[in-house]
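K.L.:
As a plain string of letters, each chain reads:
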Amino acid sequence: MNYLKKFIPACILAAALSPFFYGCGSNEGTAETDGSDTTDTESGGMSKTGNKAQNIFYSIPSPIELAQLIQKAGANYNKDLLNPIDNVNKYNSNSAKALNLGVYGADLSYTSVFDNNTQESILYLGCTRKLAESLGVGTAFNEKTVDRIQANTGRKDSLLSIISDSYMTTDEMLKESQRENASALVISGGFVEGIYLATQLAKSSKNGKPIISRIAEQKGTLDNVIALLGSSGNDAAVTSILEDLKALQAIFSEVQVKSESATSVKTDEASKVTTIGGKINYTVSPETLEKLTAKAAEIRTKIISGQN
Amino acid sequence: MKNFLNPGRLVVIVALALLPSIGAFAQCKGFVKKQISSLAPFIHNGQVNSSVLLSGDQAELTLTFYSGQTYRILVSAHESLGDVYFVMKDAAKTQLFTSKDMGKFDYWDFSVESTQQMTLEVIVPNVDTPSGLVPSGCVSILVGFKQ
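If you read the sequences in order, they're chains A and B. Under our numbering, the first residue of the first sequence carries the number 1, and numbering increases by one thereafter. Under our numbering, the first residue of the second sequence carries the number 1, and numbering increases by one thereafter.
Please keep in mind that the hints were generated in silico from the structure rather than gathered at the bench. For clarity, every value in this text was computed on a predicted model and none was experimentally measured. Beta carbons: idealized from backbone N, C-alpha and C, even for Gly. Honestly, I wouldn't trust all of these hints.
[Claimed, not checked] With a cut-off of at most 16 Å between alpha-carbon atoms, the simulated EDC-like pairs for lysine to aspartate or glutamate come out as follows:
(1) A/K266 to B/D90
(2) A/K266 to B/E113
(3) B/K33 to A/E120
(4) B/K100 to B/E121
(5) A/K279 to B/E113
(6) A/K258 to B/E113
(7) A/K79 to A/E133
(8) B/K146 to A/E243
(9) A/K272 to B/D90
(10) A/K272 to B/D109
[As the list claims (entries may be wrong)] Non-contacting residues of chain A with respect to chain B, defined by C-beta distances greater than 12 Å in every case (computed):
(11) Q68
(12) Q71
(13) S204
[Unchecked claim] Among the chain B residues that face chain A by a calculated CB cut under 7 Å, a handful are:
(14) G30
(15) F31
(16) Q35
(17) S38
(18) I43
(19) L96
(20) T98
(21) E113
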């Protein structure tokens with residue numbers, strides 16, 4: 001009875017403090033809420049006292065997807081464009097490791113999509129594995145992953161699926177350990193490397209037009225990357241890459257996006273696949289493309305030199 | 001007050017205060033992984049979008065979808081949340097598709113003729129329970145693609 005007399009005030013104080021713990025993390029997640037007040041109960045339900053929560057996720061297409069698109073657009077494989085594997089040893093800060101985990105992830109996607117040489121992919125897997133381990137998420141790229149890749153030599157879809165699994169595990173582990181800023185840096189590094197590779201490949205391609213269209217289409221994705229970083233805390237590394245990406249966004253604002261026909265929606269009864277019709281044109285001038293190419297290279301150089 | 005806040009009691013107070021957030025993470029831990037197999041043969045985009053929602057809550061995801069690809073959207077939720085449904089809207093916020101009134105609807109496959117940003121809204125219906133408690137549970141949104 002005496003114990004209960006002491007315990008009840010403790011519970012009341014805990015309940016009073018609980019919202020402050022939520023408040024500390026409210027802006028750090030990928031999902032933002034409007035601050036609904038909720039209290040957990042023994043049954044797993046919650047009593048609700050505030051407004052409805054609006055969770056916002058900022059999602060980015062996978063680097064694998066962009067690699068596939070630029071390959072289909074006629075780009076060639078050029079391993080000289082990739083971040084050299086020896087660079088992996090110069091990343092000391094957690095932010096440099098996270099950004100370059102994204103860079104090497106995009107390079108791994110590129111080698112896996114373009115090149116049937118699994119050994120090259122395994123070299124880049126080694127870099128991602130090293131950085132993931134030092135960020136404490138090494139199980140995402142462990143020995144089992146290497147074995148699975150080797151066992152699936154020549155099966156491109158399986159290889160891409162294994163890489164995707166590893167990135168999902170990394171993202172999940174970072175988010176579960178409340179490191180949304182690291183997760184956002186990994187995604188940002190991958191995005192920058194993807195844009196860098198696409199712009200460089202467009203330069204060297206005989207018919208760069210289809211690749212240039214794919215570059216112009218990155219305008220909306222860049223907006224999402226910036227929103228993701230903006231919701232991921234304000235540490236120095238996040239602020240730094242955010243400034244760089246905003247400079248890139250200013251150039252992307254010159255890309256013209258024009259809807260040329262009304263949207264239509266049709267579902268194929270047999271395949272159950274819905275097609276969303278409507279023509280949207282992306283136009284980028286040679287001058288803007290030149291500026292995008294230079295800015296992407298500048299940001300990428302900063303990232304791979306480990307300055308973040 | 002000094003006696004009340006002795007170190008032992010402080011640990012109990014902090015632990016009790018953290019319980020709701022620990023419960024929230026526990027509800028989503030492992031939930032997303034269980035859903036991934038339903039994305040096959042699509043390759044997922046490597047990002048985890050999940051959150052603990054309450055009855056009446058909404059979640060929103062904006063993403064670029066490319067022409068030349070086919071996508072699978074997989075929305076999964078704990079059963080306690082009832083018939084969670086989703087609405088896909090284009091950049092002008094025009095509704096393109098909804099799974100509302102379609103019963104148990106696991107995934108939606110689609111393609112776009114032109115690359116565009118679209119927004120997926122996930123809506124948890126309001127559920128009245130005899131106890132008055134608002135149900136909570138994990139909701140995940142997975143996106144898969146294939147050429």
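K.L.:
Each hint: holds or not?
P.N.:
Comparing the hints with the structure gives:
Of the supplied pair hints, the one linking A/K266 and B/D90 holds, its CA atoms being roughly 15 Å apart against a limit of 16 Å. A threshold of 16 Å between alpha carbons decides the hint, and for A/K266 with B/E113 the separation of about 11 Å falls inside it, so the pair holds. Annotation: proposed proximity of B/K33 to A/E120 is violated, straight-line Cα distance about 29 Å (limit 16 Å). For the proposed pair B/K100 and B/E121, the alpha carbon gap of about 11 Å is at most 16 Å, so the pair holds.
Restraint check for A/K279 and B/E113: the C-alpha separation of about 7 Å stays at or below 16 Å, so the hint holds. Restraint check for A/K258 and B/E113: satisfied, since their Cα atoms lie roughly 14 Å apart, inside the 16 Å limit. Note on A/K79 and A/E133: the hinted pairing is violated, with a Cα-Cα distance of about 25 Å set against a maximum of 16 Å. Distance hint between B/K146 and A/E243 is unfulfilled; the C-alpha atoms sit about 33 Å from each other, more than 16 Å.
Only pairs whose Cα atoms come within 16 Å are accepted, and A/K272 paired with B/D90 is rejected, the gap being roughly 20 Å. A hinted pair counts as satisfied when its Cα atoms are at most 16 Å apart, and A/K272 with B/D109 qualifies at roughly 7 Å. Its closest Cβ contact with chain B, about 6 Å, brings A/Q68 to no more than 12 Å, contrary to its assignment away from the interface. With a minimum CB-CB distance of about 10 Å to chain B, A/Q71 fails to clear the 12 Å threshold, and the non-interface call is violated.
The beta carbon of A/S204 sits about 22 Å from the closest Cβ of chain B, which is more than 12 Å, so the claim that it is off the interface holds. With its C-beta approaching chain A no nearer than about 9 Å, B/G30 sits outside the 7 Å limit, and its interface hint is violated. Annotation: B/F31 was flagged as interfacial toward chain A, and the flag is violated, the nearest CB pair being 10 Å apart, outside 7 Å. For B/Q35, the interface hint is violated, the least distance from its beta-carbon to any beta-carbon of chain A being 11 Å, above 7 Å.
At its closest, the beta carbon of B/S38 sits 14 Å from a beta carbon of chain A; the interface hint therefore is violated under the 7 Å criterion. Interface hint status for B/I43: upheld, as the beta-carbon distance to the closest one in chain A is roughly 5 Å, under 7 Å. This hint holds: B/L96 has a C-beta 5 Å from the nearest C-beta of chain A, less than the 7 Å allowed. Nearest Cβ of chain A to the Cβ of B/T98: about 11 Å, over the 7 Å cut. The hint is violated.
Because the beta carbon of B/E113 sits about 5 Å from the nearest beta carbon in chain A, less than 7 Å, this interface hint is met.
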